[in-house]
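Asker: Residues per chain are reported as follows:
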Amino acid sequence: MLPGMQLAVYTTPTGSIIADWTSIAIGVEFEKDEHGYKSLSAFIPLPFAEAMLFYNRPGTPHLELTYSGSCIWQGRIEDVSIVAGGISIVAFGYYRAFADQLYTATHTAAAPSAIIAAMLTKAPLLSSVTKFIQNPGTTITERYEDLYPVEILERLVKLGDDQTPPRMWEVGVDAARLVYFRPQSSTGKTWYVDSDSNGIEINRSLEQVYNSVYAVYSSSTNQRAVTANSTDAPSISQAGLTREAMVSTQTRSSSQAGRWRDAYLDDHSEPTPNAVLPFKSVFDSGGNAWPLWAIENGDTIIDRSLPPAISSTIDKISVFRIKSLAYSVDQDEIKVVPESPIQSLEEQVGGENSATQKISDRLGVVEGAVGAGHNISPNEGGGLVPATMIGFFPGDCPTGWTEYTSSRGRFIVGVPSGGTVEGTVGSALTNLGTRTISTVVAHTHTEGTLANAAEAAHTHGAGSLDAAAEAAHTHSVNPPSTTSTGISVDHTHAVDPPNTTSSSDGAHDHDITTTLTGAQPGVGASLSPNSPVTINGAISTAAAHTHTVNIASFTSGGASVSHTHTVDIAAFDSAAGSSHDHVISGTSAAGSSHNHTISGSTASTGSATVDVTMPYLQLRLCQKD
Amino acid sequence: MPTQTHPYIVLTDGTTSCVFADGSGTQSNYSPIRGEWAPSISSITSSPLVGRGSRNMTLEEISINIYGTTATLALGRLATLAKLLDQADRWARGENVTPVLFKYAPQGSTISSTATPLQAVCYGRGEGDETSLALSQDFNQVGLNFQIPEVNVVFKRSGDWYLDTESDDSGAAVAINETMTCALTAMDEFSPSLLKISGWNPNVTPDTTAGFILFIDNAKYYRADASGLTATGFTSQADAAALPRNTNVLRYTGTVTTTRSSAASTIGLASGSTHYSVYVSLRNNHASATFQVSATLTNLAFTYTTQETYIDASTQNPRYICLGILPAINASDTVKLNVAASTSAGSPTIDFDQIFVMGVNDEGQRAISISALDLDGAYTTASTPVSLVIDHRVLTHRTPFVGAEKISDASRAPGTYRGNGFLVSKAASVLVVVLMANGIYWRFTNSSNAVITTVATVTRTKAYLTPQ
Chain A
1 MLPGMQLAVY TTPTGSIIAD WTSIAIGVEF EKDEHGYKSL SAFIPLPFAE
51 AMLFYNRPGT PHLELTYSGS CIWQGRIEDV SIVAGGISIV AFGYYRAFAD
101 QLYTATHTAA APSAIIAAML TKAPLLSSVT KFIQNPGTTI TERYEDLYPV
151 EILERLVKLG DDQTPPRMWE VGVDAARLVY FRPQSSTGKT WYVDSDSNGI
201 EINRSLEQVY NSVYAVYSSS TNQRAVTANS TDAPSISQAG LTREAMVSTQ
251 TRSSSQAGRW RDAYLDDHSE PTPNAVLPFK SVFDSGGNAW PLWAIENGDT
301 IIDRSLPPAI SSTIDKISVF RIKSLAYSVD QDEIKVVPES PIQSLEEQVG
351 GENSATQKIS DRLGVVEGAV GAGHNISPNE GGGLVPATMI GFFPGDCPTG
401 WTEYTSSRGR FIVGVPSGGT VEGTVGSALT NLGTRTISTV VAHTHTEGTL
451 ANAAEAAHTH GAGSLDAAAE AAHTHSVNPP STTSTGISVD HTHAVDPPNT
501 TSSSDGAHDH DITTTLTGAQ PGVGASLSPN SPVTINGAIS TAAAHTHTVN
551 IASFTSGGAS VSHTHTVDIA AFDSAAGSSH DHVISGTSAA GSSHNHTISG
601 STASTGSATV DVTMPYLQLR LCQKD
Chain B
626 MPTQTHPYIV LTDGTTSCVF ADGSGTQSNY SPIRGEWAPS ISSITSSPLV
676 GRGSRNMTLE EISINIYGTT ATLALGRLAT LAKLLDQADR WARGENVTPV
726 LFKYAPQGST ISSTATPLQA VCYGRGEGDE TSLALSQDFN QVGLNFQIPE
776 VNVVFKRSGD WYLDTESDDS GAAVAINETM TCALTAMDEF SPSLLKISGW
826 NPNVTPDTTA GFILFIDNAK YYRADASGLT ATGFTSQADA AALPRNTNVL
876 RYTGTVTTTR SSAASTIGLA SGSTHYSVYV SLRNNHASAT FQVSATLTNL
926 AFTYTTQETY IDASTQNPRY ICLGILPAIN ASDTVKLNVA ASTSAGSPTI
976 DFDQIFVMGV NDEGQRAISI SALDLDGAYT TASTPVSLVI DHRVLTHRTP
1026 FVGAEKISDA SRAPGTYRGN GFLVSKAASV LVVVLMANGI YWRFTNSSNA
1076 VITTVATVTR TKAYLTPQ
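Protein chains in written order, with this note's numbering: chain A, 1 to 625; chain B, 626 to 1093.
Chain A extracted, bound-state conformation:
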């Protein structure tokens, strides 16, 4: 029926494939229970070398069984055994991740759903999504010390919810590694089966039938209190007898005791049958056949081949819900374990619940493990309180306990190694007394950095900063070279050149230029106009002489010309000044937040009276007889 599964192993849930074991795996069998995928075992034929490699492989490989894109089972391989011809592996569902890390925390008036959400940090393999962790409507105050989350979860599901009667809850992990916390069977499907009448075995016993129940609880004064009886008339009529039962509860709440009573009656009012109901196929409400592996824990099975039973609701034989199941892939066979109260349904319908287990599962009625504010620990259980054990009580000591008078007005301290058990120090407190001291040893406080409170941003106002006198000093000044802007202004310049005598140029000739042409007397050559001619012998060579030039003063024109002036004053130092102060006024800029370091020692101080009383609550310490 719908063949074509795949069994493969991956490095992680989202990692690479390591091996596809679909074609070689032998004896594949998986289990599911109220926590989701429970376990899967198989034998994988491998040569020894490969078997050793897988055995030594680090990490916890992810194993997945799928069909057509849907996950049928998944978990992590934790157990590997090398056996003849290969390896045997056992993988566990991811609910086991809640058993990896220890959890210590205190939860005050917290919903169980909030506690579970907080514990997700201890199971990093799981999704952090809390959407499917429902709130049961109750709150509890608990402290957990060094507990595995799985232990806490087992307790939380037993606390039920705020419904009447309280519903059973379940916690687990689904195919997307999402954690769910919800009423049991709230998401189940309904399947129909036709059991083989040749293999049917059904028997019943009235041994565990109780149809009139009352609960015992503690009154506000720690006295024994009982609820009224709750009876199941149809059960009394059917069984032909009234059988009474008492439920012992660890509560001071009459309403809670009543809920437990009703739940117990609900579970025990009908006979608990043993049955063997073989079936080979399952059908949905439309009559469609489905593979057996489609059945999930939490589903309801209805056997259509049985006649109507005494109950109109779930009669626990022909109609029952599945608590857990085991499916053999090789054989295509399934064994389902019903929810309470069927005790033993073997083969296709098998189980082992007993009535005692049932009430424990449903209500968590394990002595010493129920009650708000209770601190559970791994060593706790069984409800046995050893003699001489001391406990706190908010009133008189209950029956079987005697006040531990040595504790009156004293705090409790663990005895040191080799110390005196029950030894006392100091005087006991009086009723609501306080303890003061009047002397404190003289002491100082050593230097340190007081840098706690950061200063807020602030400013400093104007003032006279009369700082230490400055020594005599100079100031260096180096004005920058500056060019003025060009400005057009009409002006004149008065010019008065000095009377100047030129320097002597020594003896020399002067060329004479004439306009005469042709032969001239006394001139040895024919003349050309405007050509210099040296008249030999006619003009004697001039002697050395100077020329005096005296240009009269004059005023330049007044034309307006745009021009600039460049001024470059050389750097210089001022004269040395005398010692002087500077007065600074104004307001400083706003500063950022900062600290101030204060050094030094505080002054030694004494003290007056000091109240050293620790806030306390007076309770009575009682010792178990």
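Please note: incorrect hints may appear among the correct ones.
Pair ranges (Cβ atoms, derived) [what the hints assert, rightly or not]:
no.	chain 1	residue 1	chain 2	residue 2	range
1	B	Thr651	A	Ser41	43 to 53 Å
2	A	Ser248	B	Ala856	48 to 58 Å
3	B	Ser913	A	Thr14	13 to 23 Å
4	A	Asn198	B	Ser792	28 to 38 Å
Stretch by stretch, here's where chain A covers chain B in the computed footprint (C-beta under 8 Å, at least three residues) [as the list claims (entries may be wrong)]:
no.	segment
5	985-994
6	1019-1032
It should be emphasised that the hints constitute simulated quantities derived from the structure, not laboratory data.
We put the beta carbon where it would ideally sit given N, CA and C, even for glycine.
Assemble the complex: chain A is given as a structure, and chain B must be docked to it using the hints.
Answerer: Chain B alone, transformed into the frame defined by chain A:
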């Protein structure tokens, strides 16, 4: 094909052979004793794993006489036979040796022949520590007769007989996500089928969540563009830039946190299928809001709904998911989507492109979930293209291969996948659909951000339950 005139029976690893009957009627050196052997017929397995087909392994037991022209030759042939059976045992438990095949062509066959015999994989000895070879008390006469009489040969073999192969491709390349059809000769027995899909661009590094390769032997499938399923809360939204199959997608706007349903689409596939497997492409558009999505089958008053699938806000890109399996009722079956938003604040939206329904009822329909990132693997920077390969390897390996194959030299890189890779088929038409998104696109794209086109090739190794 001409009629096979004489039986052909051989045990061989391709190099070393023990010929029980050579197909020509010549006396063989491993001669079966007349009337002492007939091929066994396999039963169907009860296991839904069907890792190597749905037939159980079966046990063959043959009594033979081993001959030689000398005692040494006869003893040597016994040793050869023992070596082959031991080798088969070692292969079956995973050692790196060549598999041993049992080949057979019955006398009178017009399908198998000496040249093309039926083949089965030999798994060595029977259950427990039984030996594969048992000698008679006349063994010690080998020195006189050069014969080892009445040697009992026992070994397991695969339940089916495998003949030759037949192959067909889907023709012209089509856009990815469209149906590719390969035409083959109809078979009575589910036959191992090698699937290759070409058209992947190796220069693209895909950015995708796992997609699905659907292998459909019964031609029972249904596809709906989700954009038409408008209803209260569901609208048709233009989204052409993201390359949906249609230009529009179906958008659900979470103005409430209760579950709302889309309009229904008629499937009409009940005949020939007992169940449907439902796949959907979707995109959570919100960075923090989450959704729960399921599919409901409706037929008159009957409804069946898959488990709700949690859609996280880890990505705002398209992705394909499997919603689960629904029963098949009749041709008027309809399917619709149910969506619940985690919050109505900000009216978060989720889009749907396609709904794909595959009829499932036997091993001929498979969905292989594969990571496109692994598909490219080492070939991301290669210059030659690759094919996606799902190879049953029925006659060579214990397990199938799923991954990429470089077209240039057929070198392979395994991929990470989920689903049974031992594909089988028997119908005349085999359909292949690749449902795969890439980055912001609803369909797988190449380096130019265009939808790639693909071709599927199916090579079927013909399988027979009985000798033919």
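Asker: Provide an ascending list of the numbers of those earlier hints which the structure does not satisfy.
Answerer: Those not satisfied come down to hint 4.
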